[in-house]
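Number of protein chains: 2
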Amino acid sequence: MIDPRRLRELKRLAESLGILAPISVNIDWSLLDCALVHPTFSQTYNNDRLEFLGDSVLRLATTLFLRQEFNHRSLGEMAALRSNLVSDQTLAAIAETYELDLYLVASESVKLEPKARQTRLADALEAVMGALYLSTNDLNLVCPWLYPHLRRIAIALLEKPALGNFKEALQEFTQAHWKKLPEYRNREIDPILHIFQAEVWLNDQFWGGGEGKSIKAAQQEAAAIALESIKASLAN
Amino acid sequence: MIDPRRLRELKRLAESLGILAPISVNIDWSLLDCALVHPTFSQTYNNDRLEFLGDSVLRLATTLFLRQEFNHRSLGEMAALRSNLVSDQTLAAIAETYELDLYLVASESVKLEPKARQTRLADALEAVMGALYLSTNDLNLVCPWLYPHLRRIAIALLEKPALGNFKEALQEFTQAHWKKLPEYRNREIDPILHIFQAEVWLNDQFWGGGEGKSIKAAQQEAAAIALESIKASLAN
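Protein chains in written order, with this note's numbering: chain V, 561 to 796; chain B, 561 to 796.
The reader is advised that the hints may include incorrect statements.
Copies of the same chain look alike in the list, so a pair counts if it works inside one copy or between any two.
[What the hints assert, rightly or not] Cross-link-like lysine to aspartate or glutamate pairs, in silico, DMTMM-like; alpha carbons within 25 Å at most: (1) Lys791 - Glu771; (2) Lys571 - Glu732; (3) Lys571 - Asp588; (4) Lys776 - Asp588; (5) Lys740 - Asp588; (6) Lys776 - Glu659; (7) Lys776 - Asp608; (8) Lys773 - Glu788; (9) Lys773 - Asp698; (10) Lys773 - Asp661; (11) Lys776 - Asp698; (12) Lys571 - Glu629; (13) Lys671 - Glu728; (14) Lys571 - Glu668; (15) Lys773 - Glu656; (16) Lys740 - Glu569; (17) Lys671 - Glu748; (18) Lys776 - Asp661; (19) Lys739 - Asp750; (20) Lys773 - Asp608; (21) Lys671 - Glu637.
Keep in mind the hints are simulated off the structure, nothing from the lab.
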């Protein structure tokens, strides 16, 4: 049994997600409650397992979204978009639009740590997706509110001067900020299957890695992640 | 329109997957056909996009499976199991049980390359999962045949002396083969969010990498992947 006040709170969240009546009859409120309990609050009743599931739910929903709306793009661009759309940074930004932190039960000390905020929000949103998936065993409670965010963010990514070319975008960014180019360290991790790994280094620091069936694909993925890490570190 | 001979072939595959009548009325045969066309056969009509989707389908199905049957295990063990279950090696082994290569349309030269076989089979099986997911917009055509394989493989993994402890399993393996211990190279890739990356090196070669919220978690993942890469390289 969920405390009636908590249930009212969760219904308010469902309403802001646009999945209240009539579809909300399917929401498993106990799971949604659990999705919004941070591990610092309880070791045994928390959202870590729902987050483990939600991570896969998000990845599938995002891939289906890209297939539906951006299938005319190259597979490399779709992969770069996907790694950006499923990133903690993107997730945290989506979570902010619902003020998810207000619904999250966590220890007071953690709530005061602004730097852990991004992971906390991203994890909670993934856990919410896990809870909603389990409620119906499909994506019906997830896609309606997630897709508009993905659309908005994907369009913004593609509208950048580099048009989804993350290597170019990263280069522009590091040149503007430090008058330096990022360094790529590449290696073939499987010479038989031709799988490559690329790393982005800048100012003697590692910023992101990627893997792919060509050096270019691996670098694109690494650049997308590095760009986001660098921006996050500047925002803090 | 699919060629009637090809359709009979695909129906034979569906039968061996155990998803023929009555559930097969839902199968989108054109998608299934496309899932079994290797990029070497055609640049425009092939399985690369269905594989991109299937990768997420597999990951979600595997996570749901682990939640259903191994939820009593620690999250670290579940993560290690997942990375092993979704690996190319595991997928190729599953694909072999259905002789998937017989259904795959590819250039003759590629079929003669035994070393690319594992990736080819793994990619094709992922593409099949993509096609089956799109047929019903849920996992109903995927889980019935996938789960028994995952169960069998997960049990085998957990029955090993190291009981799913991949660091221990890797150590035993490298000591038995080369009387050497694997070297772990760790780094904190995000000092703020405490995300760690670990790499396994052995005989001056990189064998696998992992990421996690602790050095131990990152090493477990890296060890699971390295163990599988090393075994694959010895098998070739």
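Going through the hints against the structure:
1. Lys791 - Glu771: Answer is both; intra-copy 21 Å and inter-copy 20 Å each pass.
2. Lys571 - Glu732: For lysine 571 and glutamate 732, neither the intra-copy (44 Å) nor the inter-copy (52 Å) Cα distance is at most 25 Å.
3. Lys571 - Asp588: Intra 11 Å, inter 38 Å, cutoff 25 Å: intra-copy only.
4. Lys776 - Asp588: neither (44 Å within a copy, 34 Å between copies)
5. Lys740 - Asp588: Answer is neither; intra-copy 51 Å and inter-copy 51 Å both fail.
6. Lys776 - Glu659: neither (38 Å within a copy, 33 Å between copies)
7. Lys776 - Asp608: between (34 Å within a copy, 17 Å between copies)
8. Lys773 - Glu788: both (22 Å within a copy, 18 Å between copies)
9. Lys773 - Asp698: Result: close neither inside a copy nor across copies, 31 Å intra and 29 Å inter.
10. Lys773 - Asp661: between (39 Å within a copy, 21 Å between copies)
11. Lys776 - Asp698: Neither way: lysine 776 and aspartate 698 sit 35 Å apart in one copy and 33 Å across, limit 25 Å.
12. Lys571 - Glu629: neither (30 Å within a copy, 31 Å between copies)
13. Lys671 - Glu728: neither (37 Å within a copy, 37 Å between copies)
14. Lys571 - Glu668: within (24 Å within a copy, 58 Å between copies)
15. Lys773 - Glu656: This pair counts as between: shortest inter-copy Cα distance 23 Å, intra-copy 35 Å.
16. Lys740 - Glu569: neither (49 Å within a copy, 57 Å between copies)
17. Lys671 - Glu748: Classified as between; 23 Å across copies, 42 Å inside a copy.
18. Lys776 - Asp661: neither (38 Å within a copy, 29 Å between copies)
19. Lys739 - Asp750: between (34 Å within a copy, 23 Å between copies)
20. Lys773 - Asp608: between (32 Å within a copy, 12 Å between copies)
21. Lys671 - Glu637: Intra 36 Å, inter 29 Å, cutoff 25 Å: neither.
The earlier numbered hints that this structure contradicts are 2, 4, 5, 6, 9, 11, 12, 13, 16, 18, 21.
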